[in-house]
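Trainee: Using the sequences and the hints given, assemble the complete structure.
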Amino acid sequence: MASTAFDTHLAAPHGEHHHPSLQHQFDSLEQQKESSTLGMWMFLVTEIMFFGALFTAYVIYRNLFHGVFATASHHLDVTMGAINTAVLIGSSLTMALSIRAAQLNRRKAIVLFLLLTIALGGTFLVIKGFEYAHKFRDHLVPGPHFAPEDPAIQAVADKAQVFFSLYFIMTGIHALHMIIGIGLLLWLAIAAWRGKFDSTYYTPLECTGLYWHFVDIVWIFLFPLLYLIGAHAR
Amino acid sequence: MSHNPESTLKWYIAVFLFLMVMTGLTVAVAKVDLGAMNDVVMLVIAVAKALAVILIFMHVKDSTRVTALTVVGGFVWLGILIFFTLNDYLSRGDLLLNVPGK
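Protein chains in written order, with the numbering used here: chain A, 1 to 234; chain G, 1 to 102.
It is possible that some hints are incorrect.
[Said to hold, decoys possible] Simulated restraints on C-beta separations:
#, chain 1, residue 1, chain 2, residue 2, range
1, G, 14, A, 152, 19 to 25 Å
2, A, 136, G, 73, 26 to 32 Å
3, A, 27, G, 73, 23 to 29 Å
4, A, 143, G, 66, 44 to 50 Å
These aren't lab readings, by the way, just hints derived from the structure by calculation.
Every residue, glycine too, gets a C-beta built ideally from N, C-alpha and C.
Mentor: Right under this line is the structure:
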């Protein structure tokens, strides 16, 4: 008897018509979305601590080598950094708009805004690539070939290498996050084109959006801390 | 907010413009010599920008309390990491003088 009751209980929800994207362990799409959002934030908290360790290292060495960091910062291109900040902010807007398009059941608009987000993310990486190329050309990459022409940097080469090490690690890992993000956005764009998302279900868009905005926030701090600390003494 | 597409659009555009203006402002202020205040101003602007992104773009303004608590908890933990690490480093004056290359 007990097993019959169990079977009936299990069979009931299957017999009813329910949303294809609703997983069995959730009562409703809303509960599923809240759980996913909370889980995504839990992941982002680990990301905060991951980048946090690098920011802590930055804060310590910025305090130890205060003047050197400002001098070394002169070799970063403020204009390119500022353009990239604007590009990323724009990509966050298009990401948010793609979710809004899902809420409004506009399938093509979801795809369009996702493609715009990918394009802006790609633009950021291309500009970043040009910046990296300049650093290699100017021998500003830490290691055996660190040989900047600037005598102000040569005089404090050891400490300046700490700045450029932090610059490459922090912006490099940030760029890696963007590459992963662009991969996720491509997958979403295909799924959106196939009509997977609408106002009843867009959780993957929401969670990828959280990730994308988080990466934007990391850059919001990297830009002033790396590019602007020496701007007034230039 | 999340249930009214018209007002969401206004919020998104407003946050976008705020972020753009703040980016311009932080670049402009960085070129003026304010001494130690330069770092303070740039960090205040960065925190304001981050808050706008978190509350509006990341929908924390309309999230459940447990999600908001998770977000706050994450940043509190980051604060603990930075505060206590600095507390240690900055209270070891002699040690700092012996850092290689210092």
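Trainee: Next step is simple, just say for each hint if it's right about the structure.
Mentor: Hint check:
1. G/14 <-> A/152: 19 to 25 Å: Hint violated: Cβ distance 42 Å, outside 19 to 25 Å.
2. A/136 <-> G/73: 26 to 32 Å: For residue 73 of chain G against residue 136 of chain A, whose Cβ atoms are near 40 Å apart, the range 26 to 32 Å is violated.
3. A/27 <-> G/73: 23 to 29 Å: holds, 26 Å
4. A/143 <-> G/66: 44 to 50 Å: holds, 46 Å
When held up to the earlier numbered hints, the structure conflicts with 1, 2 and fits the remainder.
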